[in-house]
Amino acid sequence: MQGRSLETVLDNEALDVIRSLEQSGAPSLLKRVIDTYIDTSSPLVEVISQSSAEKSAEELLQASHSLKSSSANVGAKRLAGLCAELEKFARDDQMSELGERPDLVAKEYKIVVEALNIELSNIQE
Amino acid sequence: MTNGAKILFADDDVGMRLLIRESLERSGFHVLEAENGEQLLDLFEVETPDLIMLDVMMPDIDGFTLCKKIRENHNGKNVPILLVTGCDDLGSIDEAYKVGATDFISKPVNWGLLGYRVKYLVRASGLQRELILNQEKLEYAQTIAKVGSWELERDVFNCSKETLRVFEIDEPEKLSKLQHLINKIHGDDREQVLQSINDCLDSGDTVDVQFRLDAHEDDMKYVACHGEPKKGIADNTIGIAGVFQDITEQKKQEEKIVFLAFHDVLTGLANSRLFKERLLGAMTLAERHKLNVAVLSVNVDRFKRINDTLGNKVGDKLLKIVADRIDDAVRGSDFVARTSVSDDSSVSRLSGDDFTIMLSQVPNSDIAGKVATRIIEKLAKQCIIDGHEIYITGSTGISIFPDDGLDVDQLIRNSSSALLHAKQQGGNRFSYFEQKMNSSSIEKLHIENDLRKALGRNEFVLFYQPQVDGHTGEIIGAEALIRWVTEERGMVAPFHFIPVLEETGMIIDVGEWVIRTTCEQQQKWVQQGKKLIDLSVNLSAIQFSQDDFVCRVKNIIEETKANPEKIVLEITESLLLDNDSGIIEKLEQFRDMGFCISIDDFGTGYSSLSYLRKLPINELKIDRSFVKDISTDLDDGTIAKTIIALARSLKLEVIAEGVEVESQLEFLLSQGCNRIQGFYFGKPVPAEDLLLPDA
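The listed protein sequences correspond, in order, to chains A and B.
With the numbering used here as the guide, the letters of the first sequence map in order to residues 1 to 125.
With the numbering used here as the guide, the letters of the second sequence map in order to residues 1 to 695.
No lab work stands behind these hints: they were computed from the structure.
Ideal placement from N, C-alpha and C gives every residue a C-beta, glycine not left out.
Any given hint might turn out to be false.
Claimed, not checked - Simulated crosslink set (DSBU-like; lysine-lysine; CA at most 30 Å straight-line):
{"hint": "1", "chain 1": "B", "residue 1": "LYS6", "chain 2": "A", "residue 2": "LYS31"}
{"hint": "2", "chain 1": "B", "residue 1": "LYS251", "chain 2": "B", "residue 2": "LYS304"}
{"hint": "3", "chain 1": "B", "residue 1": "LYS184", "chain 2": "B", "residue 2": "LYS69"}
{"hint": "4", "chain 1": "B", "residue 1": "LYS69", "chain 2": "B", "residue 2": "LYS146"}
{"hint": "5", "chain 1": "A", "residue 1": "LYS88", "chain 2": "A", "residue 2": "LYS77"}
{"hint": "6", "chain 1": "A", "residue 1": "LYS88", "chain 2": "A", "residue 2": "LYS110"}
{"hint": "7", "chain 1": "B", "residue 1": "LYS69", "chain 2": "A", "residue 2": "LYS88"}
{"hint": "8", "chain 1": "A", "residue 1": "LYS88", "chain 2": "B", "residue 2": "LYS68"}
{"hint": "9", "chain 1": "B", "residue 1": "LYS119", "chain 2": "A", "residue 2": "LYS77"}
{"hint": "10", "chain 1": "B", "residue 1": "LYS119", "chain 2": "B", "residue 2": "LYS146"}
{"hint": "11", "chain 1": "A", "residue 1": "LYS88", "chain 2": "B", "residue 2": "LYS6"}
{"hint": "12", "chain 1": "B", "residue 1": "LYS317", "chain 2": "B", "residue 2": "LYS304"}
{"hint": "13", "chain 1": "B", "residue 1": "LYS177", "chain 2": "B", "residue 2": "LYS137"}
{"hint": "14", "chain 1": "B", "residue 1": "LYS304", "chain 2": "B", "residue 2": "LYS290"}
{"hint": "15", "chain 1": "B", "residue 1": "LYS6", "chain 2": "B", "residue 2": "LYS177"}
{"hint": "16", "chain 1": "A", "residue 1": "LYS31", "chain 2": "B", "residue 2": "LYS317"}
{"hint": "17", "chain 1": "B", "residue 1": "LYS317", "chain 2": "B", "residue 2": "LYS378"}
{"hint": "18", "chain 1": "B", "residue 1": "LYS276", "chain 2": "B", "residue 2": "LYS290"}
What the hints assert, rightly or not - Where chain A lies over chain B, by a calculated footprint (3+ residues, C-beta under 8 Å):
{"hint": "19", "segment": "102-112"}
{"hint": "20", "segment": "353-365"}
What the hints assert, rightly or not - Chain A residues, not near chain B, derived (Cβ > 10 Å throughout):
{"hint": "21", "residue": "THR8"}
{"hint": "22", "residue": "LEU29"}
{"hint": "23", "residue": "PRO43"}
{"hint": "24", "residue": "ALA53"}
{"hint": "25", "residue": "ALA57"}
{"hint": "26", "residue": "ASN73"}
{"hint": "27", "residue": "VAL74"}
{"hint": "28", "residue": "LEU104"}
{"hint": "29", "residue": "ILE123"}
Next up, chain B with everything else stripped away, as it sits in the complex (with noise of 0.2 Å):
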């Protein structure tokens, strides 16, 4: 490291000169001398000494005087200097070491020792540059990283400038002075930090703490510490090395997750995780000071109309304002604003137009009514929304605890079924729960405005019940059966819900739904290379009653680019006993465009054979109910017997749904019906549980 380095050096003397060269070339190294100052100058120019040696007095410029102006060039920063002063003179050495000498030398010199001198500083400033090279690397990535370093040692502190960017502090002569960096830590976490850093200190813990930097209020900086404990000879704890890194941004990210996880996005209301959290903790407040909490459940009257005439996007501003409304409503109301229960967790959209607002500590159910009956007055308030005047009313139901349920899901149920009472009264009102209102009508009208709710929430699913062929237990073909998944009902069975989509004509949505799933379903499978089979899907009376439902259903194939040959249509037997909507003619459609047609629940209806012979179909499906005691009851044996040799007098397939024993399989498969349904080979899962075998 030293060998061959290059070293400059000034002095006046001649035989100073020719003793400082031998001595030093004696030792390896390059010697470049000048006689006096400009020439030592000069030559630094062009040369890049590694150690530059001067005399203090020489005529033109001393010692002191050169040094200087070396340290001021750029390229002399660094360069270690040694100067040859006189001997016993105090007052020049303190003159060296102000001026930036690196070391000095007082004469006479000692000629034997000059040439190790001179290598211990080359060698010492080669692993200064290479410390400086390695801080600088250090500070780049601690920079980069947004992490500080810093150490205390028996009170000495110590940080890297990453450390003082972290804080904000500029002055870089605080890089050694701990309270600088605690006075800038926000007043309410600074015990805290102390706190964990005497811990460390005492017990050897690791100090693991974030704080806030006191920064302006609305642009808050967090930084996280992280310090281990430095241990001394007898393993105690002799200080503190750790980091301090800037944390703001992942806590804003977390803020920003923990918020929409508890709030509504659309209006920044509470969510409904959020309000039962804190319904939870009213209640149990109540319950223990023996006061009672109101429950409003609020909504606009006949929302969907405005969302479906007037769009989504005007639906969600209206949402919006009458978010603000029902908010203004419930802080401007004397009640709250005494009972300072005024913050944002009393008013939630739980979904939808569904609003509910929490009154904890009501002392009767009279306030209540009268927050209710603000929030219906607010609402009832023309709103100009992207140049539509819409006039709306709202709705709204109160249930109390302790009086109308004990817990959560029941007074936020109970109010809610006030406030399907209050809308079967004409809307724009409010009421009171009442325990009757819990009877079946309120119920249905529960499920309906649920079900309402449902496709958008994407509540429906559909399960595939294979059908296979019983001799070779080869899956053929699957009926799509719908489910209603709901987070509040779980799983809700066909029977309790289709009969109220048919009575309200949402089967036509929810139906076309159905068909357009299948269809994907269908291809679904084909890109995955699974073998095609024929998928059923039941349709209702009341999408035939509608004009264009042919139309429908192809554009459905087109958009899906599904294979009609391998869907079938299912319609029950007593549906064709009606024509009054141009059925046949509708299923003839069906079948010139390659669908099967089949007919469910075959042989509860009345249809006669010369009947049957005109109708558009390809299958028949014997009845669940004729299936059950086919091998045991007689009557039902013989009516299966007959189907089965009705289809193929007519040239018709058959299956049969609702096997689920062998005994039936057995009787069903002696009779020549070999397409089989039914629990024997599989009940209805979901799309990706059904095991089909590769094309």
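This is chain A alone, in the form it adopts within the complex (with noise of 0.2 Å):
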């Protein structure tokens, strides 16, 4: 966990604003939002490796804005932040400057499925 706590990799406000969307009597719209993000993310995570490896900067750029987005609003701050760098560098086509930046998403993107699992499992509790 490289001294981070599960707690500090999901943003808890974000999750607290989903949490307070959610009507009574529906099935919980957190854990929806969850399975979406955990069942749309990982193919996301491939392209990012797969276009940064191939320099496609056309594929990067769609992948990492998709992947910052649905991350941010599952409170995954940092991952969401790792997003934004990569679209950046996409969208300048400075595909050389990514540095370890792509393995680094793929880190950050296991913890957050880790962490949020436990979200789901509090949930199902």
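Relying on the hints, combine the two individually framed chains into one complex.
Given below as structure tokens:
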């Protein structure tokens, strides 16, 4: 965990907002949001690693933008921030400047999913 | 207003869609979602969303392009569009407004506030829609009324589209520039308008000013501007709110009315009112500069004959030609050209064929004589009107201010006396006025001249003097008495003009008018449901000299449908003594038609009893001269008594006229004369003032 607790991976405020939107009687919105995130985000992470390696700016732009906004929605601030950086490089076509950011995204993503799974298990209790 | 409003949104991210839908539905919206731009455009075609929300970054069509496309669609002009942009991206915010977005939100979206944001936008757009609708209504109303509104506040100007239409400005971008409007104002009026606006701003005066637009000279456009000061918190004037109104039509009507009030419709020349006004002005000026003003009266010799033989239409055309020739002669004369008084005011038509010319600032009377000579020369030329060759001549009379008169009427009158003198000398010439022309013979000529026009100008009126039953005071009849009312002379007494009518034969036309008018009056009263009374009219010997007199009267009766049994024809006793024109036979025919015949002024002639017996008469009228001293003068009393007795023995009615006091009435009643006419019961009054009981 590289010295970070799971609580700092996700911004609780963001999750609280989603919780507050929940209508009574409806299946948990937060659960649906997290499920949807986990379902849709892993292909994006794939695309990010691949397009970064192949220096395909167009694909990286789309994928990092999408992952950025969906990650922000679930409160994955750091991940969203890393995506934003990648998005910017891709937009400016500075594909050789990416450095180790693609790897950081992949690592951070794993941590986010782990944290979200804990959130899910809390909901299911 | 926002409850149930339909929101259409597009986002390619499924998690985003989930959250957007959730947060909007929570706020009571009906939500339609699209996964991409294509889908959104399809949905937009079939649904009518109250608001559209677009993600800027989408794989197929980006939000900016979508927004633009929607705005280009006719149905998408006014729908609010909310763009969802990446955070802190100023460029995309700029872009969003450029493509017509109503508002933007940036990511990450604050889901708790999204519903409120959308609610606000939907409500604002509703208000805006209502505002647009009201504005359209207002604009429509302004177009109908030709009224445009405007507003000026702290140097910011704004006006409605109708204002631009009033000012004939095509480019709508000029709605906010006062200077564009000012530039269109006629140069002579511009200063006044600016002054008025400044006065309003400076001292809070109301703006109320009319001006012309700088359009083509012959097609002038008039605009009225009205404005009220707008007050600030400290009651200081901070601006003006007002209207512009196209008043061209009203203005044209006004000008027409003013023109008609001061001009003669037939010739377009000044009328007598304008002429007199200008003459007065010229006299005032001349007095100051010790100069003369000449007044020339011109008319066509024997114009009436032309009018009578060829008809009014030809007469009117001739008058137009005459007007042109006079105008031409006056303008063309050296003097007039030199002194530049050749405006239309110097020639006028007072009435009929009477033209009047004013020459202001003449150094001496010779110049007036030269102008008169030119007029006479110009007039004495052949005219061809509707195929008729007409030879005319004209005459002119001249009076000079101040020698021949010090006021307007006197000058015109004296120039007209000189004119009559010129005509007396044979016409086709001019005369200067001389004091001796004011003799009675000229006066008579004046009267004669005016009388010739009196019928055409409706200057005659009939008054009615009641005749009553002396016992009961009940009205039983009225005598129709002619009056002549002219603008110049006022009411003229019959003894001033009847002799002239008789001498000139005009009594024939005027007499016929009297009979016709009386018959019409009888029928008017019948229609009003009034009591049918005897109406007497006076006939003159000259009328009897017409062979077809009876026939003419018969026609009048037929045309007016009057009842002759209630019309009394009054003739003088003296008329009966001379039977040269077959008077007795004509009277018999009148009586056969049902008329009553009354002998006026009875007692002044020398009718014998045996002669009277043979006459077709119904009534004797005791002359006022015997009534006057009836109760005091023994002789008068005796004559009256005799006439009353005579009437009784001949089985005739008897009536007394000139009864003014009670003693006269008592005497007449005691003698058995019941029908009374005179001031005691009433003086002659206009028809509408004669009080008749209902039938």
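Hints, one by one, checked against the model:
no.	hint	verdict
1	B:LYS6 - A:LYS31	holds (27 Å)
2	B:LYS251 - B:LYS304	violated (39 Å)
3	B:LYS184 - B:LYS69	violated (40 Å)
4	B:LYS69 - B:LYS146	violated (38 Å)
5	A:LYS88 - A:LYS77	holds (16 Å)
6	A:LYS88 - A:LYS110	holds (22 Å)
7	B:LYS69 - A:LYS88	holds (27 Å)
8	A:LYS88 - B:LYS68	holds (25 Å)
9	B:LYS119 - A:LYS77	holds (29 Å)
10	B:LYS119 - B:LYS146	violated (40 Å)
11	A:LYS88 - B:LYS6	violated (35 Å)
12	B:LYS317 - B:LYS304	holds (14 Å)
13	B:LYS177 - B:LYS137	holds (23 Å)
14	B:LYS304 - B:LYS290	violated (40 Å)
15	B:LYS6 - B:LYS177	violated (40 Å)
16	A:LYS31 - B:LYS317	violated (105 Å)
17	B:LYS317 - B:LYS378	holds (17 Å)
18	B:LYS276 - B:LYS290	holds (20 Å)
19	102-112	holds (count 6)
20	353-365	violated (count 0)
21	THR8	holds (18 Å)
22	LEU29	violated (5 Å)
23	PRO43	holds (12 Å)
24	ALA53	holds (21 Å)
25	ALA57	holds (15 Å)
26	ASN73	violated (6 Å)
27	VAL74	violated (8 Å)
28	LEU104	holds (20 Å)
29	ILE123	holds (15 Å)
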